[in-house]
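From just these sequences and the hints, can you work out the full model?
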Amino acid sequence: MTCQELHAHLPAYVDGELGVVETLGAGAHLAECPRCHLLAEGERRFRELLRRQPRETAPAELRARILVRCRQEAQRAAIRPWVAPVLATAAAAVLIAVFAVGQPGFHSTPLAGDLVAQHIAYAQIERPAEYATADRADLEAWLRQRAGLQAPVPDYSAAGIRLVGARIAGIRGRKAAYVLYEKGHTLLSVFMLPAPDDAELAGPRVSYRGQEYFAQERKGYRTVWWTDGPAVFGLVSMLDYDALFECADRLREERARQSRL
Amino acid sequence: MVIRWGRSDDRRAEFEEVALVHLDALYRFALRLTHNRAEAQDLVQETCLRAFRSFHRFDRGSNCRAWLFTILRHAFFNRLRRAGRETPDGDPVAWESALESVTSEARAAVDPEEEFFQTVLHGDVDRALKTLPLPFREAVILVDLEGLTYKEAGEALGCPIGTVMSRLWRGRRLLRQALGRYAREHGYLGGRE
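Residue numbers (our numbering), protein chains in the order written: chain G, 1 to 261; chain H, 262 to 454.
Hints are supplied without guarantee of correctness; some may be wrong.
Simulated crosslink set (EDC-like; lysine to aspartate or glutamate; CA at most 20 Å straight-line) [to be verified]:
1. K175/G <-> D197/G
2. K412/H <-> D320/H
3. K391/H <-> E446/H
4. K175/G <-> E130/G
5. K175/G <-> D240/G
6. K183/G <-> D240/G
7. K175/G <-> D155/G
8. K183/G <-> E130/G
9. K412/H <-> D15/G
10. K391/H <-> D320/H
11. K412/H <-> E17/G
12. K183/G <-> D271/H
13. K175/G <-> E140/G
14. K391/H <-> E56/G
15. K412/H <-> E22/G
Residues from chain H that face chain G, not an exhaustive set, calculated with beta carbons under 10 Å [as the list claims (entries may be wrong)]:
16. Q302
17. V386
18. V401
19. L429
20. R437
Because the hints were derived from the structure by calculation, they are not lab data.
For each residue, glycine too, the CB sits at the ideal point set by N, CA and C.
Quick look at the structure:
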């Protein structure tokens with residue numbers, strides 16, 4: 001390596017950024033050339049001087065402000081996926097729900113109307129879950145403590161349906177456990193409440209894997225519900241019926257498992 | 262279609278862990294670009310929010326610090342443009358030729374025996390840094406003051422490693438000359454004029 005070549009490589013040499021061959025070449029040249037050696041020393045000491053400069057830290061207040069803004073941003077981002085497909089049909093669907101509840105004799109089911117109305121209402125809230133957790137056992141404990149409800153929280157993760165959390169809802173004047181899941185951008189609501197009388201429950205009957213369900217669809221919202229002992233369970237979502245019945249089946253299983261314990 | 266959509270709490274926690282650990286470095290970089298604390302804070306906040314919004318697009322295997330510096334630079338250049346000023350990413354060729362005039366000064370070899378290193382006063386480096394054209398200043402800040410490798414600096418600056426190297430070389434020369442001048446002003450180096 002000549003002096004000129006060394007000068008070209010000097011910054012990378014002191015930064016340890018040269019390849020093995022160049023590093024060896026530069027080292028060999030420096031061992032022989034006192035002037036270049038002096039130059040390299042100067043370069044190295046200057047680099048150390050720069051690295052020794054005091055490092056100011058960001059004000060704590062800036063960090064706090066950024067965290068708050070990120071939180072706000074996350075909440076805005078969280079509401080968007082659900083609201084976008086829902087908003088277009090929300091007004092119509094709410095009308096149906098109100099109509100169904102308000103008019104005796106209307107052939108739609110009062111309970112299903114209430115469940116759909118709840119589903120739509122919470123799909124539009126920034127954080128639909130009153131208690132947000134993806135831990136099933138944690139959520140079951142919360143529902144037990146908060147509402148005295150022994151509500152099963154099945155695992156739907158194999159179908160890509162994730163647990164979001166839960167809230168306590170009032171459905172037809174009764175305290176209900178309301179568990180929220182999501183698949184992609186689609187919300188799945190699962191309700192459990194003490195069974196109301198038969199008139200409120202009635203609806204089109206469907207059989208799936210030997211079990212009887214009620215099911216109805218209004219404006220893309222599918223509702224599946226059934227009684228299980230003293231409780232009624234209801235699922236509402238824009239997911240297709242296959243997914244809903246599969247979820248219902250799992251829920252029955254989980255409920256049976258829980259009652260065996 | 263199933264779109265993966267993580268819970269916002271998870272995303273925020275990950276962002277804090279992966280990105281916000283570089284907040285101090287971002288703040289120092291912003292401070293050295295803007296020379297103004299309020300503006301630097303503003304710039305860092307804008308950078309972090311932009312990064313948070315596009316965090317789902319950030320490749321987890323790549324270098325987060327370089328990615329954040331890139332976002333900060335773009336935000337800073339946008340501000341410069343809005344203020345009607347030139348930016349190095351606008352027309353690189355024009356910048357390089359403009360830099361030529363400055364660097365003829367840098368080509369002059371530094372005196373290897375200069376002995377001002379121990380006498381540099383607090384704040385001198387930042388004062389000298391301000392006199393450097395932006396492309397040199399960026400390279401020196403990222404590599405010498407923040408400790409990025411050439412590769413990381415190349416990612417952050419959006420240029421090849423060779424360019425990082427040459428900017429760094431010229432930046433260091435200019436910086437050293439400026440510091441030498443200050444040392445003479447302070448009276449630590451005499452008899453050379």
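Hints, verified against the model:
At most 20 Å may separate the alpha-carbon atoms for a hinted pair to count; K175/G and D197/G meet this at roughly 15 Å. Restraint check: the Cα-Cα separation between K412/H and D320/H comes to about 17 Å, which is no more than 20 Å; the hinted pair holds. For the hint pairing K391/H with E446/H, the CA-to-CA distance comes to about 17 Å; that is within 20 Å, so the pair holds. For the hint pairing K175/G with E130/G, the CA-to-CA distance comes to about 15 Å; that is within 20 Å, so the pair holds.
Note on K175/G and D240/G: the hinted pairing is violated, with a Cα-Cα distance of about 28 Å set against a maximum of 20 Å. Annotation: proposed proximity of K183/G to D240/G holds, straight-line Cα distance about 12 Å (limit 20 Å). The suggested pairing of K175/G with D155/G is violated, with an alpha-carbon distance near 23 Å, which exceeds 20 Å. The hinted pair formed by K183/G and E130/G meets the criterion: a straight-line CA distance of about 19 Å does not exceed 20 Å.
Pair hint K412/H plus D15/G holds up; C-alpha atoms about 12 Å apart against a cutoff of 20 Å. Taking the CA atoms of K391/H and D320/H, the gap is about 34 Å. The hint is violated against a cut of 20 Å. Pair hint K412/H plus E17/G holds up; C-alpha atoms about 9 Å apart against a cutoff of 20 Å. Of the supplied pair hints, the one linking K183/G and D271/H holds, its CA atoms being roughly 16 Å apart against a limit of 20 Å.
Taking the CA atoms of K175/G and E140/G, the gap is about 16 Å. The hint holds against a cut of 20 Å. Taking the CA atoms of K391/H and E56/G, the gap is about 17 Å. The hint holds against a cut of 20 Å. Restraint check for K412/H and E22/G: the C-alpha separation of about 18 Å stays at or below 20 Å, so the hint holds. Of the supplied interface hints, the one on Q302/H holds, with its beta-carbon coming within about 5 Å of a beta-carbon of chain G, less than 10 Å.
The interface hint given for V386/H is met, as the beta carbon of that residue sits about 5 Å from the closest beta carbon of chain G, less than 10 Å. Using the Cβ-Cβ criterion of 10 Å, the hint placing V401/H at the interface with chain G is satisfied: the shortest such distance is roughly 7 Å. Annotation: interface hint on L429/H holds; nearest CB of chain G at approximately 6 Å, less than 10 Å. The restraint placing R437/H at the interface with chain G holds, with a minimum CB-CB distance near 6 Å, inside the 10 Å limit.
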